[in-house]
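Engineer: Residues per chain, in single letters:
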Amino acid sequence: MIADFTPVPALIGGALIGLAATLLLLATGRVAGVSGITAGAIAAPGPERDWRTAFLVGLIFGPIVFAFFGGELPRPLLPALPVIVIAGALVGFGTQLGNGCTSGHGVCGLARLSPRSLAATATFVAAAMATVFIIRRLEGI
Amino acid sequence: MRIASAALAGLIFGIGLALSGMLDPVRVLGFLDIAGGQWDPTLVFVLGGAVSVAAIGFGLIRLRAKPLFDERFHLSEATAIDPKLLGGAAMFGVGWGLVGYCPGPAIASIGFAGTPSAIFALAMVGGMLLHRALPESPSQAS
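Those protein sequences? They're chains P and R, same order as listed.
Mapping of the first sequence onto the numbering used here: position 109 corresponds to residue 109, and the numbering continues sequentially without gaps.
Mapping of the second sequence onto the numbering used here: position 39 corresponds to residue 39, and the numbering continues sequentially without gaps.
I should point out that these hints are in silico values taken from the structure, not numbers from a laboratory.
Any given hint could be a false lead.
[Claimed, not checked] Label-pair restraints from in silico Cβ distances:
no., chain 1, residue 1, chain 2, residue 2, range
1, R, GLY37, P, PRO47, 48 to 54 Å
2, P, PRO82, R, LEU75, 21 to 27 Å
3, P, GLY70, R, VAL44, 23 to 29 Å
4, R, GLY59, P, ARG136, 36 to 42 Å
5, P, ILE134, R, LYS84, 20 to 26 Å
6, P, PHE69, R, ALA4, 33 to 39 Å
7, P, GLU139, R, MET1, 34 to 40 Å
8, R, PHE69, P, PRO82, 42 to 48 Å
9, P, PHE133, R, LEU68, 41 to 47 Å
10, R, HIS74, P, LEU113, 32 to 38 Å
11, R, VAL44, P, PRO47, 36 to 42 Å
12, R, ILE81, P, ARG75, 37 to 43 Å
[Said to hold, decoys possible] Below, a sample of chain R positions facing chain P; criterion: calculated Cβ distance under 8 Å:
no., residue
13, VAL53
14, LEU63
15, ALA65
16, LEU98
17, MET124
Beta carbons: idealized from backbone N, C-alpha and C, even for Gly.
Isolated chain R, as found in the complex (with noise of 0.2 Å):
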């Protein structure tokens, strides 16, 4: 049921994100030109329609001791905003301005954007992996 849950989850936010637009980089970059003078806010009531429902459902479920399939809620309790916060947010958010592509898009359109969204994806788990090989910046992958 957890693998199952999973994988619904999943599809409910790859429809998201087609129905959002957000599959399609020239729109995200369109939110991300404010100075072009064809700025698409078309991002923010995204954002702004996940943020409000996740919220209304976060809280809901705050108030059951445990989730359905698991001994216990695996939230992270990190509040640290330090370098190491700030500086990876600043390298993704590079990288999402150069292409349009963040990290749920990218998984997203594997299946039918073609070969160089594919690449990106690839490109993406090479970071991720190259950030994994690093010794002094273990991964915290939860």
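With the rest of the complex left out, here is chain P (with noise of 0.2 Å):
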């Protein structure tokens, strides 16, 4: 059985994030990965850092204006604060050793057919499937 599944609003959201990613590389000559970009935001010399925090305010204001014209946001239900912040800085320092995360390998590295992009995605899905898998096991659902 399939639950929740959306298609529709998938694909055109999917849509609007490969748009963005166009008009970045356009613009700035720069792949719109999320991770690259927040690092870069923090750490880069200064007036590279200008475009990243942009992007960055962007991104955050974007669910805004998605809930002001109507959209309707989730009220995330997240694990204990232990394994958020675990899981957090996985995801940060995972993403800087691998050079990548879901919108730099896994949207542009794949637009730009990168064999490496794909080893990293690959990687990155079934570890994260092999991590549900067995999180749902202890819990025993």
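Using the hints, put the two standalone chains together into the complex.
Structural biologist: The following block contains the structure:
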């Protein structure tokens, strides 16, 4: 059985993400990888921070604009605090070590037909699926 | 113009994430839970839509000599599929599977999703800073 499957908004939302990546590459010559942009917004030399910060501010306002025009936003239920902190740190450290995340490797890298990005994407999806599998077994669901 | 374009790109990215349903960690975990009997394939359609549009857009852009507001394209030329790449991707995948946030949705959730989501984003930045602080793995934020 399949739950909550919403292919049409998913395709349109995905297309908008692809459009955003296209716009960023056209305007700045940069790949829309959120992990790299976030790290660069904190640590890159001065002038290189500005466009990254602007992108992140836009990204934060995106859902708010979506809700303003009547879109529905989730009220996420997250696990216990220690799990949140450990998971966040793993995502931050891992995306830096592996040079990318779902947007950089998954969207932009696959769009460029990069074998390196395909290997990274296959690895993080497999690791995430294995993690969910183990957690759900431990929870007895 | 460079900054305004980046802000607009971020805004469109955030609206796309919101519309796609991928700001809800439960939906993401529903995709990752392939053995649970309630598999939610929505994320495949998000990624498919994004990659298709980006592939066409990138193909057209590469016909240009340079971007609109920079002297050159800044694209990774790395091709190595090495332990660093795969180890980093695996670490990221474990963190993603634990909560259901990858970096895009984590940042996009800061403005509306409450304190636990903001703590995730902060911990993520902490992990990035920790990586930068380690001498043997210099960061290449580009």
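Engineer: Kindly indicate which numbered hints from before are broken by the structure, ordering the numbers from low to high.
Structural biologist: 2, 6, 7, 10, 14 and 15
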